[in-house]
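A.B. asks: Sequence:
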Amino acid sequence: MAGTGVRPLIRESFTLPELLPPLPAEALHARVARTLRGAVSGGALPGGTRLPGHRALALALGVSRNTLVDALAQLEAEGYVEARGRSGTRVLLPALDGPGLDGPGADPAPTPRLPLSAWAERALAGQLEDAGGDYATDFRVGQPVPELYPARAWAQALARRAAQPLTGSGGDDPLGPLDTRRALAAHLRAERGAQVTPEMLMLTGGTQPALDALARLFLEPGRVAAAETPTYPAALAALSATGAEVRGVPVDGGGLRPEFLPARASLLYLTPGCQYPTTVTLGAARRREVLAWGRAAGAYLLEDDYAADLHHTGRAPAVMQGLAPERVILLGSFSKSLAPVTRSGFVAAPPEVLRVLAATRPLTDRFPGTLDALALADLLASGGYVRHLRRARQALAHRHDVLLAALNQLLPGWQPRPARAGLHLHVTLPPGLSAGAAQAGARAVGVALSPVSGAGQEAVLLAYAHLSPEAIRAGVGRLARQFA
Numbered sequence: 035m036a037g038t039g040v041r042p043l044i045r046e047s048f049t050l051p052e053l054l055p056p057l058p059a060e061a062l063h064a065r066v067a068r069t070l071r072g073a074v075s076g077g078a079l080p081g082g083t084r085l086p087g088h089r090a091l092a093l094a095l096g097v098s099r100n101t102l103v104d105a106l107a108q109l110e111a112e113g114y115v116e117a118r119g120r121s122g123t124r125v126l127l128p129a130l131d132g133p134g135l136d137g138p139g140a141d142p143a144p145t146p147r148l149p150l151s152a153w154a155e156r157a158l159a160g161q162l163e164d165a166g167g168d169y170a171t172d173f174r175v176g177q178p179v180p181e182l183y184p185a186r187a188w189a190q191a192l193a194r195r196a197a198q199p200l201t202g203s204g205g206d207d208p209l210g211p212l213d214t215r216r217a218l219a220a221h222l223r224a225e226r227g228a229q230v231t232p233e234m235l236m237l238t239g240g241t242q243p244a245l246d247a248l249a250r251l252f253l254e255p256g257r258v259a260a261a262e263t264p265t266y267p268a269a270l271a272a273l274s275a276t277g278a279e280v281r282g283v284p285v286d287g288g289g290l291r292p293e294f295l296p297a298r299a300s301l302l303y304l305t306p307g308c309q310y311p312t313t314v315t316l317g318a319a320r321r322r323e324v325l326a327w328g329r330a331a332g333a334y335l336l337e338d339d340y341a342a343d344l345h346h347t348g349r350a351p352a353v354m355q356g357l358a359p360e361r362v363i364l365l366g367s368f369s370k371s372l373a374p375v376t377r378s379g380f381v382a383a384p385p386e387v388l389r390v391l392a393a394t395r396p397l398t399d400r401f402p403g404t405l406d407a408l409a410l411a412d413l414l415a416s417g418g419y420v421r422h423l424r425r426a427r428q429a430l431a432h433r434h435d436v437l438l439a440a441l442n443q444l445l446p447g448w449q450p451r452p453a454r455a456g457l458h459l460h461v462t463l464p465p466g467l468s469a470g471a472a473q474a475g476a477r478a479v480g481v482a483l484s485p486v487s488g489a490g491q492e493a494v495l496l497a498y499a500h501l502s503p504e505a506i507r508a509g510v511g512r513l514a515r516q517f518a
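Each number in the working numbering corresponds to the 1-based position in the sequence shown with 34 added.
Just to be clear, a hint being listed does not mean it is correct.
Here are the computed distance ranges between Cβ atoms for each label pair [claimed, not checked]:
1) Ala474 x Pro199: 51 to 61 Å
2) Pro452 x Arg281: 25 to 35 Å
3) Pro452 x Arg257: 19 to 29 Å
Hints in this document: simulated from the structure, not taken from any laboratory. For every residue, glycine included, the Cβ atom is placed at its ideal position computed from N, Cα and C.
Can you make the complete structure from the sequences, with help from the hints?
C.D. replies: Written as structure tokens, this is what we have:
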């Protein structure tokens with residue numbers, strides 16, 4: 035029979051043990067098509083080869099005739115084979131140059147070098163991979179805090195909105211639903227001292243995508259950006275990836291030092307309410323100096339208000355945006371105060387900036403998530419969000435105090451800075467102990483922590499919000515056994 039010689043080769047590449055337990059019909063059809071496609075691509079079935087009849091080939095492959103017919107029909111649609119009536123089914127394509135992609139017995143093709151853009155190369159430069167691992171106590175920053183998540187209130191808000199028709203809800207507005215922007219504007223005016231209207235707000239999937247969009251709007255090779263040092267690594271990466279020169283501005287116990295700002299810049303990224311990672315607050319006098327510098331330098335200020343809703347000691351300072359809404363672009367997110375899964379954030383910007391953001395947004399992510407945005411509107415307008423924050427702040431304050439007390443008692447050489455806001459403590463290490471050595475020593479006793487880079491001194495961060503008081507004390511105890 036024509037094509038009999040190809041049966042052993044195909045049968046060899048399609049071993050039955052790999053199919054046990056039995057695959058669903060769709061998966062089996064895909065497997066047959068993939069095997070035959072690989073045999074053609076790899077040269078095992080050269081162009082012009084006549085395949086065995088359907089019954090014989092199905093028997094050779096150990097599948098039903100219907101499964102084989104379906105697979106051959108797919109390959110014919112893809113242009114690999116052609117059914118010629120009484121002349122049988124023949125292979126159309128010649129073998130690919132070089133080893134096949136998935137041909138039976140073929141050596142894997144060498145991985146081609148990715149033709150990465152300069153942006154991608156800059157974005158990847160200097161990134162550190164997470165060491166991962168299981169730890170008895172994990173003090174690393176960036177941990178979710180599930181027990182502080184208002185699951186019931188959020189689920190109710192989602193359910194109410196999901197039961198309503200979304201037509202006319204503003205889901206096709208690049209700024210986000212108007213209901214949400216109205217509720218958010220009222221919240222920011224009352225709670226943060228912002229000068230903002232719904233027309234000045236754009237909803238985002240969080241702070242990072244907003245940073246990326248703004249960096250690409252304002253920065254490129256040859257331009258200058260400024261940022262606090264140390265600062266949030268992902269923000270620094272977004273600025274640097276544009277190819278602009280990023281100049282660091284030192285931070286001390288009073289926050290960013292205005293005298294070190296460059297003469298000219300397009301953007302300044304800063305965290306004045308709770309400086310990341312040191313947790314200090316930028317005072318009123320320095321805020322005025324920074325705003326005056328922005329006007330003289332022609333720079334927009336990117337104010338990241340990441341910890342405003344996590345201020346557990348007293349009230350959070352008002353945002354700088356309220357002092358100069360024409361110069362300051364306010365960034366905020368609910369991923370820490372609600373949960374990362376909500377992916378809800380915002381940009382408050384001058385109208386001319388927002389127009390450009392809205393016009394360029396369709397090139398990347400189109401519109402924000404409508405259902406989450408509408409649920410957020412209800413949570414804000416009903417007062418449920420403020421009530422949630424009241425409970426969360428009490429828990430955060432208690433855990434902060436537990437960590438601070440444990441460090442002062444068990445590791446007196448370590449110098450934690452009390453934090454009025456945020457989810458971590460900034461801890462200066464004793465002389466002779468580097469952040470890298472502290473991280474390695476902590477890992478040896480089952481504790482993970484985050485080293486600080488670019489601070490001018492050796493320090494680590496200890497996140498506490500996701501840990502119970504008992505876990506916090508136990509973790510510090512392990513550190514004390516290693517370092518005390």
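A.B. asks: With reference to the structure, classify each hint as holding or not holding.
C.D. replies: Now the hints, each set against the structure:
| no. | hint | in the structure |
| --- | --- | --- |
| 1 | Ala474 x Pro199: 51 to 61 Å | 57 Å, holds |
| 2 | Pro452 x Arg281: 25 to 35 Å | 30 Å, holds |
| 3 | Pro452 x Arg257: 19 to 29 Å | 38 Å, violated |
Checked against the numbered hints given earlier, this structure breaks only hint 3.
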